[in-house]
Structure formats: C-alpha cells, structure tokens
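Peer 1: Residue numbers (my numbering), protein chains in the order written: chain A, 1 to 396; chain B, 397 to 670.
These aren't lab readings, by the way, just hints derived from the structure by calculation.
One should not assume that every hint holds.
What the hints assert, rightly or not - Covered stretches of chain A, going by a simulated chain B footprint (3 or more residues, C-beta under 8 Å):
| no. | region |
| --- | --- |
| 1 | 85-98 |
| 2 | 187-199 |
| 3 | 341-350 |
Ideal Cβ placement from N, Cα and C applies to all residues, glycine included.
Each chain, letter by letter, is given below.
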Amino acid sequence: MVDKVLKGNGLYWGWLTLLLMVMGAGAVAYLVQFNYGLGATGMSRDVTWGIYISQFTFLVGVAAGGLMLVLPYYLHDYKSFGRITLLGEFMAIAAVVMCLMFILADLGQPMRALNVILHPTPNSMLFYDMIVLNGYLFLNILCGFVVLASEYRGIKYPNWVKPFIYLSIPWAISIHTVTAFLYCGLPGRHFWLTAVLAPRFLASAFAAGPALLLVIALIMKRTANFDVGETAKNKLVTIIGYAAIINFFLLGCEVFVGYYSNIPGHMHTLDYLFFGLADHSTGVIHNNLVPFMRASVVMGIVGIIMLFVARRQKSDAMLSTSCILIFVAFWIDKGLGLVLGGFVPTPMEHIVEYTPTVVELGVTAGVWATGFFVLTLLYKLVVAVKRDSEATLKIS
Amino acid sequence: MDNTRRKFLKLAGLTAAAGVAAPMLGSKALAAGGGHGAPAAAGGHHEEVPSGVRYGLVIDTGKFNDNPGLAERCQKVCHDYHNVPKFNNSKDEIKWIWTDKFANVFPEKSHYKKDERLNAMNILALCNHCDNPPCVRACPTKATFKNADGAVMMDFHRCIGCRFCMAACPYGARSFNWRSPRGSEDGKPFIEKYNHRFPSRMRGVVEKCSLCSWRTKQGKDPLCVEEANKGVEGAMVFGDLNDPNSEISHVLRKRFTIQRKPSLGTKPSIFYII
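Start from the sequences, fold in the hints, and give me the full structure.
Peer 2: Laid out in structure tokens, this is it:
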C-alpha cells in the first residue's frame, strides 16, 4: 500500500523536490541556531516566545480542526464526508508533526527535552500538552492507517479501532484546550488571562483547519482529479463559516470587556495590536503589529461573506480564495497577534517589540515545508487507495 | 460506600468544583482536602500560613534614595559574584537585581500626581521569592522549585529552556541565556572577572536571583543585603518572616510596607518601605 507514494507525475515530484529544498534550508538555519543559541532569533528577555511558539499554537488548531471532518462521519454517519474524513485525520498528523518540531526548535536545551518525561510535573500545563499532543498523533496515525488499510483491502475497518476513533474526538478538543491553558492560566498577562481563550482557540481552529483542507481538496480536484463531492464541500462551507463567525463574536466579547470595563491592563494589548501603544516613560508609540491585525479582521470578514457567496454561485475559484482569506486571517490572529501581543507591555510596563530574524524565518519555513511534505505523501496515499477501491466497487 | 470510593468521589467532586484551577494547583492542593481547597483563591488579601522558615527581605527605598550609587553597588556585588554576564544590549540582557522607576516596579499603583521624590527614585527589583510562585507551577521539569526556606531556586542542569517560567513570572524577574555567557565579543569576555567559587551557566537555560541560598544556609545575609547595610544600616533587612522575633518581623510590625502586585495572589516575600 505504502509504495503508492512512489508513483506520481512530474508535478508531484517537482512539488516534493521544492519542499525538500526548503527543508534543507531550514535544517541549515537550525544548525546556525543550534550552534549559537536562541539568541540567533529575534526573541528577547521581554518577548520570550516568538514565531515558533505562535506557529505551534496555530497548528495545534489546524490539528484540532480535523475533528470537524471526523466527527460528522463517524458519530453521525454522515456518508458524504466519506472522501474527506481520512484527509482530516491525515491533516492532523502533519499538523501535530509541525507542532512538535516547533516546540523542539524553541527549546534552549533541546537535548534535554526528555526531562519532561523523566521528571513528570503534573502541575505544569506543558506536561499535559506533551501527553495530549503525542496522544493525538498516535490516535490519528492508528485510526487513519487502519481505516485506510481496510479500504485498501476492500473491507470495512475492524471494530476494535472504533473506541480509538471515538476517543480521538474529545481528544481533539483537549489538545487545543490544553494549549489555551498554557496561556490563560498565567497571572499578570492580562491579554491571555481570559476564560474565552480556549473557546476562541477552538472556534478559530474549526474554521482554519477545514479551510485549509477545502483549499487542498480544490487543488487536488485540479491536479489529481480527486473530487470530494458537492455535498461535502457545501457542508464544509457551513462549518467554516459558522466557526469563523463564532471566533469573531468571541473577539468582540474580548473587545467589549476590555474597553467597557476600562481597566488599563485589559486594554493595553488590544490597543497595541489594533491602534499602537505609547510607552509612558518615553512617549514612543509602538505599533508594528497594527497593519497585520487590521488586515486580519478585514480578511476574516470579507472571507466569511465570500465563502457563502461562493457556495451560492458554485464558484470553486471564489471558494478557495475565501478559504485562503480565512486561513491567513486566523493565522495572523493566532500565529502572530495572540502570542506576541501577550508580551506587550512587559510585566514592568515597558514596551519591547519583536521582529523575527532570517535564521528564525528559515527554521519556520523548514518546519512548514516538512509538514507539507508529510501531508503530500499521506494525501497521495489516500487518493491512490480511494481511487483503487472505488474502481473495484464499480466493476463489482 | 467504602472508604477509598468515598475518597475518590470527594476528590473527583473537588476537582470538578475547582474546575480549571484544580490541575494547575497540582497535587498539593488536592491533598489539602475540603477545608481550604484553593489557596490561590485566597489571593493576597489573606494571611499566609506561618509554618517553617520563610526568608524574606525588606527594602527601604528612602535609604537607597538618600545614598545614590548604593543600589548599583548592590547589583555589582551580586552580578560579580554570580558570574552574571554583560552583553551590552537589552535583547540578551541577564539581570538578577536591578533598578527601575516606581511606575515600573509598581505599575498597578497610582502614578497620578505623586511627589517628585517618588517619581525620581530608582527602586530595586529582584525575584520576589513568592510563597505561591507561578513560575514553579509552570515549569514542566521541576527545574525551578521552592526551597524549604522559601527561596525559589533554579536547577540550571535540568532546565530545558522552554521559558514557560518567564511567561508566568508577573515581575519580569527571570533571564534567559540567549547565547553562551562564557563567550566574548571583540576580545572582551561577557563575564569580566570569572569567579571560580560560583558556576557560570551554559546557553539555553533560565536564571535568576536565588536569594543567595548558598550563603543563607551558612547563616549569612544575601550579598546585596550585606552590601546595602555597609552603606546604610537598615537599607535592607533579611530574615525569617515566620519568626515573630526576627528583625524583619519587627520591622514589618513597625513600618508600613507594600509588595509588588499583591492582587495576583503570588504572596511575594519582598517588602518595600516607600
């Protein structure tokens, strides 16, 4: 079955070669960082987490977003998702692989990473994050491959895998909840200290994950002649649209609480992200994330409107554009603003801004390329197996 | 209902009631049982439990203000002894004890129409050695932990450099070795004069003030306290907060003091006379 990844056209091999080249560049960048220390990044004493941890946070969401494709099929027997459920599980695998790589890239002493297991510390949220992320990776590899192998052999998946499939559903919620708890349990970081952080994480995840999948599905329709079907596509639009709207609703709740309560600590980071914030000792206004955050809101809202228009007009081009808009909007919101904004102002109310270095961006690109490399191989496998089994069905 | 089952249900009930808080408080809170399940909920507004030794500091900011340079000397003696490197840029900066303005050390206090003396003051800041430290709660490897004497410590050899503690600390007291402190730039070593009596760190680990636990174990005052009192008697007072007869307890009974961000419930062990 696995040998199917070795057969592909020029486009397939070209894409993999491109990814391998980016991965190579990322590896070189990581070597630079490994030899010099994390000082090779733009992180500082005051902004101690940068683009690595923010990518990790966003990608946990993409992984959890797979749930929206798995749940309808297995729990509600929604047959139209037959062709995309596996894609959802495999997207989760690639996303969790990226998450783990970003965490390793962020460690000052990566060789000591196993200390988290050697000295288990149940009062730390990172301990639980380690458990839920690795557990989710295991569950998706197990369920995904067992279901795919059964399909390859033309049989229904065995009953013993069902408990694992059902377990993976709440597990998906847990990975993003625990990731939110990393942030929202810290005293003195007002922007993160909010009970709607976990719900907001989930809402944006349930939009961004399926949006990415829908874009990939539309690409595969063109390049691999693999159509997920009109019904599945329409249902995905509903899921992405509502999840994106809920995310904006929750963002609005944050804005209301911050500005109506008028408590400075609750307004500072929102000010910094959307308007710029002046350092009260120097008077200098800091605002390097403002254009990104404003663009994020505009792109998100335009994306949602376009999404529903595209469904009505049955336009694949507009559908993929709207999904890309939503995906990028939430990537900025969570992959930049949430983590970086939380460090402004510092606990001593200074303002320190962060700009990633070339080395850092190289490592980041390398990890994303690795994720897409894994994703491409897995999807190649799914498409080949699906096509075989459907062809067999037609003959019989 | 047998005993273990009842215990289990009680625990499960507590966990459910404490909700989000329960896992973060860890085993200690659960073991405490029904009476006082959530110490964090007590905040900074209730009495701390006086048991065992709990070292603390009183900093008399007025005495430092009247003696310019004294705070800097305290910093120097600490950083020199502990091989704290100088990188000459704020991005890589490592500091265990430093000074900042009142508005920055006490950002939650009102700064409106405060007197000139207060606004001009440089106030010492360092690790608060909280009784309820968020950094210890966040650390995934127990590389930062609480000593029996109340000091919050770092194990440089166990730290994986995840910097969760730095995000958790509401006082900005922690520094990270972004690059090797043992190196040099333009022929000038980052550690000017290496002190072989104290280990330097390697890159990729977090460090901070340890309340000179290696000295306090021998019954001596921390280096900064010793240095401060060379300048002016009583500029800093060190001692056991839980001992009613200690000098620090005596000072705290007589003088009005404040702590940094008491509303966060961290219960700092550093007190300031303004």
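Peer 1: Could you run down the list of hints and mark each one as holding or not?
Peer 2: The hints, checked one at a time:
Taking a C-beta to C-beta cut-off of 8 Å, the region 85-98 of chain A contributes 0 residues in contact with chain B, too few for the three needed, and the coverage statement is violated. Only residues whose beta carbon comes within less than 8 Å of a beta carbon in chain B count, and the region 187-199 of chain A has 4; three or more means the coverage holds. Remark: the region 341-350 of chain A is confirmed as covered by chain B, as 7 of its residues place a Cβ nearer than 8 Å to a Cβ of that chain, reaching the required three.
Violated hints amount to a single one, hint 1; each of the other numbered hints is respected by the structure.
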